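Following the hints, position chain B against chain A.
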Amino acid sequence: MKKKTNFDQRLDVALGQPPRYSLPDDFSDRVLQKIALRRQATDKRAGYVLWGATAGFVALATVCFALFLDRESLLKVLDISEWAVLTGVLVAVFQVLDHKLLQRKLPT
Amino acid sequence: MDDKDLVKKILEGNQWAYRELIQKYQRLVVHMVARLVENDQDREELCQDVFVKVYEKLDTFHFDSRLSTWIATIAYRMAVNFLKKKKRRMDTEDLDSVRFEVGQEDLTLENLDYSAFIQSLVAQMPLNYRSVLTLYHLEGFSYPEIVEVTGMPEGTVKNYLFRARKKLKELSEPYIGKEIHQI
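Just so you know, the sequences run in chain order A and B.
14 is the number of the first residue of the first sequence in this note's numbering; add one for each residue after it.
6 is the number of the first residue of the second sequence in this note's numbering; add one for each residue after it.
For reference, chain B alone in the conformation it holds in the complex:
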């Protein structure tokens, strides 16, 4: 069933159609929320609230954009509002002022789980950087879609992506640099 049929059925009051929508977009919402919010209980609560909001606002969605973009926008805004209320990780927006904790001192090429290592660094980045990285790399959103979700100018989105990747390279190079240079 495509999104238009799904939305039509939901607006007609079909609960199973809404279950299907949740199944379809659960991954997207989880990724957005889990990258922005730390506590597991808060994450689930927020994911529920996102889908409640989606349900309540569905009649205002007219397919001017993709349904996934619209849902991601709701998830992003709700997560940001949640963090503002909790005043967590909202102190700095400047990547350069973040003091990254690499974690393991004995990190070597042999014991390095590179993906986990990068995830831990991403988790320490300011909110805007985490959002942009998630939407671009994890969800495969285009620049205009990221602009729509976050409300940031396209230049800022590109800049954040560039700087975040540069920072991740800088931080991980000491550990895997040798391997790369050998190739």
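Pulled out of the complex, with its shape left as it was, chain A reads as follows:
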């Protein structure tokens, strides 16, 4: 193994010197403040999406109700096995919304 020269040693010391820059004393406060602001923005956005999804669902339910108002059609709607794929898709959509928006670990 090569022995390090004095030159190499000086270079190592020089390269090991940190840059002449430091963060303000209240840096962690600023980070936590930024996290809180982002959380608020995320909450707000999640709220809008949730309200939008709920409104969409209610509108869809209303349309369905209007279309299948007569008893015969309504009974057909209730026969869920014929709507398995649609039901599955809806459940998946709500699962995704729930996971992404409601159960997401947000900063405290």
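Because the hints were derived from the structure by calculation, they are not lab data.
Here the structure is a predicted model, which is why all the values come from computation and not from measurement.
Hints are not guaranteed to be accurate.
[To be verified] Here are a few chain A residues that face chain B, going by a calculated C-beta distance under 10 Å:
| id | residue |
| --- | --- |
| 1 | VAL26 |
| 2 | PRO32 |
| 3 | VAL44 |
The beta-carbon is built from N, C-alpha and C at its ideal position, and this holds for glycine as well.
Frame of chain A, contents of chain B only:
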């Protein structure tokens, strides 16, 4: 408190634990960012963003590597993305094409602050060289850790380190060469 306990407490919503994590790894992030980004205001903003990202992604960290390596990876990538957006110092990746400015014409052994001199030369190097030098010399990362942080092959990391040191020696030899030869 070790890193696992710290992360566990943070994920439970403990803000003080996160303050502790910031205190613990602030130095690492500052070194990475300050070596890659020039402007002080940008540096602070970027350091804040790194810790915000760390917080948001902490639940995806499963201790497959050291926490410091993971945080350094985030800091490195965010700094690189920042520079790409600003299109600064991204023009050349070739060390040989850099025209180094030594600065003081009257630089002599007596008035030479060798560390500051080397820092000024490092600051003029291409991004990849600065990153590798910082991680290896300042943070004491191993080659595999540098590979993980930068995504460069190990051979490239070693090559960059070798060439950067060679260049620094070449550039500083005229000023301290006499002293070395006397020893």
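Structure versus earlier hints - violations, ascending order: none
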